[in-house]
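Protein chains in written order, with the numbering used here: chain A, 74 to 370; chain B, 260 to 887.
Keep in mind that the hints were calculated from the coordinates and are not lab data.
Careful, some of the hints might be misleading.
Cβ-Cβ distance ranges computed for the label pairs, FRET-style [unchecked claim]:
no. : chain 1 : residue 1 : chain 2 : residue 2 : range
1   : A       : Gln329    : B       : Gly273    : 50 to 60 Å
2   : B       : Arg316    : A       : Gln322    : 28 to 38 Å
3   : A       : Arg300    : B       : Val871    : 19 to 29 Å
4   : B       : Ile281    : A       : Ala333    : 43 to 53 Å
5   : B       : Leu269    : A       : Gln322    : 56 to 66 Å
6   : A       : Gln322    : B       : Gln866    : 46 to 56 Å
7   : A       : Ser172    : B       : Gln866    : 55 to 65 Å
8   : B       : Ile294    : A       : Gln322    : 15 to 25 Å
9   : B       : Ile281    : A       : Gln322    : 32 to 42 Å
10  : B       : Arg316    : A       : Arg300    : 21 to 31 Å
11  : A       : Ser215    : B       : Arg316    : 52 to 62 Å
12  : A       : Arg123    : B       : Ile294    : 46 to 56 Å
Over 10 Å on every C-beta distance to chain B, these chain A residues come out as not near it, computed from the model [stated by the list, open to error]:
no. : residue
13  : His127
14  : Trp136
15  : Arg196
16  : Val209
17  : Lys235
18  : Asn238
19  : Asp245
20  : Asp282
Glycine included, C-beta positions come from ideal geometry on N, C-alpha and C.
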Amino acid sequence: MPGEARFLDPAIIARLGTIDLKVRTIVEGFLTGLHRSPYKGFSVEFAEYRQYIHGDDLATLDWKVFARSDRYFVKKFEEETNVTCHLLLDVSASMGYGSHGITKVEYGSYLAGALAYLMSRQRDAFGLIAFDDAIVSMLPASARGGHLRATLVALERLKLGKRTNVAKPLRDLAAAVRKRGLVVLISDLLDEPERVIQGLKHFRYHGTDVVVFHVLDPHELSFPFDRAARFRDMETADEVLAVPSSVRQDYVDRMQAMIAHYKRELGLAGIDYCLLETSQPLELGLMSYLMTRRKVL
Amino acid sequence: MFGVAFLSPLFLLGALAVAVPIALHLFHRRTEVIIDFPAVRLLQRAPVEQHRRRRVRELVLLALRIAALLLLAIAFARPYLASAVVPMSSPLTVVAVDTSFSFSSPGQVAKAQAAARSAVDSAPASHAVALVSFGDDATVVVPPTPDRRAAIAGIDRLTAGFGGTRYRTALAKAAELIGAREGHVTVVTDLQQAGWDANDEGGLPDGVTADVVAIAGPRVNLAVTAAERRDRTIVATIQNYGSEAAKTEVTLRMDGKVLATAEAVIAPQAATDVRLNAELPASGAAEVTIDDPAGYLADNVRYFVIDSPDALPVTVIVADPAGTTGGIYMERALSVAGNGREFAVDAVDGRVFSGWTAEAVARRAAVIVIGTRTLDRHGRDLVKGYIGRGGQALITLGPDVDPGTLADLVGIDLGVTTAAVRPAGGSATMVASDARHPIFRPFLNPSGALGDVLVEQYRRLKDQPGRVVLARFSGGDTALAEQAVGQGRVLVFTSDLDNQWSRFPLNAAFVPFAVETARYLTVSRRQAQSWVLPGVPAGTPAVPGVIAVGDGAGKRRVAVNVDTRESSPAVTSKEEFTAGIERVSRSGTRDAAADARSVEERQRWWQMGLMVMLAALAGEALVGRNTT
Numbered sequence: 074m075p076g077e078a079r080f081l082d083p084a085i086i087a088r089l090g091t092i093d094l095k096v097r098t099i100v101e102g103f104l105t106g107l108h109r110s111p112y113k114g115f116s117v118e119f120a121e122y123r124q125y126i127h128g129d130d131l132a133t134l135d136w137k138v139f140a141r142s143d144r145y146f147v148k149k150f151e152e153e154t155n156v157t158c159h160l161l162l163d164v165s166a167s168m169g170y171g172s173h174g175i176t177k178v179e180y181g182s183y184l185a186g187a188l189a190y191l192m193s194r195q196r197d198a199f200g201l202i203a204f205d206d207a208i209v210s211m212l213p214a215s216a217r218g219g220h221l222r223a224t225l226v227a228l229e230r231l232k233l234g235k236r237t238n239v240a241k242p243l244r245d246l247a248a249a250v251r252k253r254g255l256v257v258l259i260s261d262l263l264d265e266p267e268r269v270i271q272g273l274k275h276f277r278y279h280g281t282d283v284v285v286f287h288v289l290d291p292h293e294l295s296f297p298f299d300r301a302a303r304f305r306d307m308e309t310a311d312e313v314l315a316v317p318s319s320v321r322q323d324y325v326d327r328m329q330a331m332i333a334h335y336k337r338e339l340g341l342a343g344i345d346y347c348l349l350e351t352s353q354p355l356e357l358g359l360m361s362y363l364m365t366r367r368k369v370l
Numbered sequence: 260m261f262g263v264a265f266l267s268p269l270f271l272l273g274a275l276a277v278a279v280p281i282a283l284h285l286f287h288r289r290t291e292v293i294i295d296f297p298a299v300r301l302l303q304r305a306p307v308e309q310h311r312r313r314r315v316r317e318l319v320l321l322a323l324r325i326a327a328l329l330l331l332a333i334a335f336a337r338p339y340l341a342s343a344v345v346p347m348s349s350p351l352t353v354v355a356v357d358t359s360f361s362f363s364s365p366g367q368v369a370k371a372q373a374a375a376r377s378a379v380d381s382a383p384a385s386h387a388v389a390l391v392s393f394g395d396d397a398t399v400v401v402p403p404t405p406d407r408r409a410a411i412a413g414i415d416r417l418t419a420g421f422g423g424t425r426y427r428t429a430l431a432k433a434a435e436l437i438g439a440r441e442g443h444v445t446v447v448t449d450l451q452q453a454g455w456d457a458n459d460e461g462g463l464p465d466g467v468t469a470d471v472v473a474i475a476g477p478r479v480n481l482a483v484t485a486a487e488r489r490d491r492t493i494v495a496t497i498q499n500y501g502s503e504a505a506k507t508e509v510t511l512r513m514d515g516k517v518l519a520t521a522e523a524v525i526a527p528q529a530a531t532d533v534r535l536n537a538e539l540p541a542s543g544a545a546e547v548t549i550d551d552p553a554g555y556l557a558d559n560v561r562y563f564v565i566d567s568p569d570a571l572p573v574t575v576i577v578a579d580p581a582g583t584t585g586g587i588y589m590e591r592a593l594s595v596a597g598n599g600r601e602f603a604v605d606a607v608d609g610r611v612f613s614g615w616t617a618e619a620v621a622r623r624a625a626v627i628v629i630g631t632r633t634l635d636r637h638g639r640d641l642v643k644g645y646i647g648r649g650g651q652a653l654i655t656l657g658p659d660v661d662p663g664t665l666a667d668l669v670g671i672d673l674g675v676t677t678a679a680v681r682p683a684g685g686s687a688t689m690v691a692s693d694a695r696h697p698i699f700r701p702f703l704n705p706s707g708a709l710g711d712v713l714v715e716q717y718r719r720l721k722d723q724p725g726r727v728v729l730a731r732f733s734g735g736d737t738a739l740a741e742q743a744v745g746q747g748r749v750l751v752f753t754s755d756l757d758n759q760w761s762r763f764p765l766n767a768a769f770v771p772f773a774v775e776t777a778r779y780l781t782v783s784r785r786q787a788q789s790w791v792l793p794g795v796p797a798g799t800p801a802v803p804g805v806i807a808v809g810d811g812a813g814k815r816r817v818a819v820n821v822d823t824r825e826s827s828p829a830v831t832s833k834e835e836f837t838a839g840i841e842r843v844s845r846s847g848t849r850d851a852a853a854d855a856r857s858v859e860e861r862q863r864w865w866q867m868g869l870m871v872m873l874a875a876l877a878g879e880a881l882v883g884r885n886t887t
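Please construct the entire structure, taking both the sequences and the accompanying hints into account.
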């Protein structure tokens, strides 16, 4: 991915001190980068009119000013904060897997924290729900000062749970969320795809926008093992004795088929889908979020 | 434990090998790599196995492997049920039952079985019992056991055999079973006198008591003691062992078909020849039977073979076969023997014979030397080697024989005078030294036949040790002598057999003399056409009848018959029997280990152990295959 190199490696982020520091590093770096990046127009605060320079998006030109002054200015937005965002973080046992210094649940926590930080700066209300096969912790959505701090503390205290059951907590939450807003699901989606998709569709019925961050470890995508071993499921403890060289292709095909299925079905349901490898920079998640938020507004 | 003992308990140490599968079970499985992985549900599901189920399977595998190793060790240790071994210290009663063919008359075996059962039942409670059956041999039917039912079951299996009675053999077997312990022997027998006649050995140790249960047998018995072909007639010899004259019908059968019958009246304690005239084929086997239902059944039939045996090759060495004295008399005399089928005679001169190989000479059943003048050194060496390796030769000392080369011919100095002797009166007659000698048996009647033989010249033989004179001339000089040379035998006739120094070849006695001499020389090459039990080769069923022996060109028929010495019903008394038991020292050779071996060999649990082990291994392979 071009430009990825300028973002911090998630494994390095993981080694930073508190989650507060981590998310601040991620978001500030992300915002700074935005000013130099091709992603102009995704700014979250109105700052000023600025003279057009070559390369700016023409859509951001203020034609009224041009009419008055015959000069090109692009406008910077200061947007109203009216979005309520629910961060759903999967803490099932399978999220504890990590092959290169960072687990999926850590990655998900940083992403949730960064999003919360970003939302806080946008003065959006946000809440946090952690679940495995049921909701294990819930921080109601709020835009008050100090809520970010509470959210980050809650993220830092999360513990891995049991089996994944995405559908059930989604159903429970969909019933509770009546106000139009944004739901962010961070999960490895290792559940029955149809149940997951069905659960997310409940939000769409209420007009809630949904963005799904599908967090997977690189090893889950490529299955790079080379030695015959007994693979034990982290949630069910089922075991499979397998020779990787002989089952790899089949596994990768199945995984890709599952991803493609999610992408297709969620797209049809109007749900944004973003696949994140834990080796990829978290800023990609933030970018995806901003694009969805923009759609909401 | 459980009364099980082992012949080779050291092999049980092999059971320690079970530590190997146990160690592998405990440690080897730790090396298996287990990887926690979140997306196992996307891996192929076929090999999935629940951990608990797998554990049970592994335990089953372990149990099967341990069982296989344990069974292997146990099988090698040779287990047996120790309680089946009667301790050597416990007293023993041996019941020895006579199953010779004298028990073949109706009802005799049943009587013997009843008496044996009674003997077992009356054995002291503290005694183990053993059952021995005897005829020509003694067989342990039931080894020492405290189980009376086993002994009774053994008695129920007894049948009459075809052997003779051998009391000493039975007593020796009983003594072997008793060994050093206290013992008692009960002999169930018909007390035949013949049972003591055999030249066997055996007795009971001192201290071993004995009693006899007499089974009364028939007082009369007729037996076919011989049957042979004489030209177109079968001559059967019928013996009457009773004290009164007996009449019976004699039948000749061949392939089940009756060829001839005759009625015979036999005087008491006498034998008679019965001639059965019938059209007989050139070869085959036949049987002569008599009707004697009251006597012993086994001797009511005699099997015999009417095949002509293969002609025996005999070579006559002459000085000049084309001459007037070319061995023609000897050749003609032997050619008529056995209707011309007994000998294959070839007369050759010394030059031809010298060209033969040693192998060709060795195939001769006998060599007759009438002339040596044309026999060169090689020929003489052939004769010498033939005799030295077991050959049979007749040397005549007529005018065609050079006394100076005889030593080269025979291999030893025969002590022959060079000059011919002319008897006083112009001729000498010949007299057999022992008329029972096989060569002279035909001259027993009329006994004077040899006396008509007139010999005009002969050579004198000096006396030598080891030489047997079979006939002398009227002057006392040796006429025919027998002498062993090397592994062979030489007969020396000191005159001529070619009508030069004597008119013997023209005498009526010449043909029987020549034939019987040749038969005497070739007797070891003759193939028996009949055997008498128990004198059959190992592996041959000891049952009367006609059997085929040999294979290929050497295949022939042999008749097997019972030994008619057993046919005499003459009995001894209990007292005489008891007195006849020889007392011997205790052998004590049977020890506890031998008993244990015997029991183990009977039980053969090791075989069962190996079979179960193989089943365990098969199960292990099956379960192991499913695991992977």
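Evaluated hints:
The beta-carbon spacing between Gln329(A) and Gly273(B), approximately 57 Å, falls within the hinted interval of 50 to 60 Å. Remark: the range hint 28 to 38 Å for Arg316(B) to Gln322(A) is upheld by a beta-carbon distance near 30 Å. The beta-carbon spacing between Arg300(A) and Val871(B), approximately 40 Å, falls outside the hinted interval of 19 to 29 Å. Between Ile281(B) and Ala333(A) the CB atoms are about 51 Å apart, so this pair conforms to the stated range of 43 to 53 Å.
A beta carbon spacing of about 58 Å between Leu269(B) and Gln322(A) agrees with the range 56 to 66 Å that was offered as a hint. In this structure the hint that Gln322(A) and Gln866(B) lie 46 to 56 Å apart at CB holds, the actual value being about 54 Å. Between Ser172(A) and Gln866(B) the beta carbons are some 59 Å apart, a value that agrees with the proposed interval 55 to 65 Å. Here the CB-CB span from Ile294(B) to Gln322(A) is close to 18 Å, well matched to the stated 15 to 25 Å.
Range check, Ile281(B) to Gln322(A): about 40 Å between beta-carbon atoms, so the 32 to 42 Å window is met. Range check, Arg316(B) to Arg300(A): about 23 Å between beta-carbon atoms, so the 21 to 31 Å window is met. The hinted window of 52 to 62 Å between Ser215(A) and Arg316(B) holds, with their beta carbons roughly 56 Å apart. Range check, Arg123(A) to Ile294(B): about 54 Å between beta-carbon atoms, so the 46 to 56 Å window is met.
With a minimum CB-CB distance of about 48 Å to chain B, His127(A) clears the 10 Å threshold, and the non-interface call stands. With a least CB separation of 52 Å from chain B, Trp136(A) remains clear of the 10 Å interface cut-off, as annotated. Chain B leaves Arg196(A) outside its interface by the beta-carbon criterion, the shortest separation being 37 Å against a cut-off of 10 Å. Remark: the non-interface label on Val209(A) is consistent with the geometry, its nearest Cβ contact in chain B lying 18 Å away (cut-off 10 Å).
The non-interface label for Lys235(A) is consistent with chain B: the shortest C-beta to C-beta separation is roughly 13 Å, beyond 10 Å. With a closest Cβ-Cβ approach of about 14 Å to chain B, Asn238(A) is found to remain outside the 10 Å limit, as its non-interface label requires. For Asp245(A), the shortest C-beta to C-beta distance to chain B comes to about 24 Å, beyond the 10 Å cut-off, and the non-interface label holds. Every C-beta of chain B lies more than 10 Å from that of Asp282(A), the closest at about 28 Å, which supports listing it as non-interface.
This entry does not satisfy hint 3, going by the numbered hints stated previously; all others are met.
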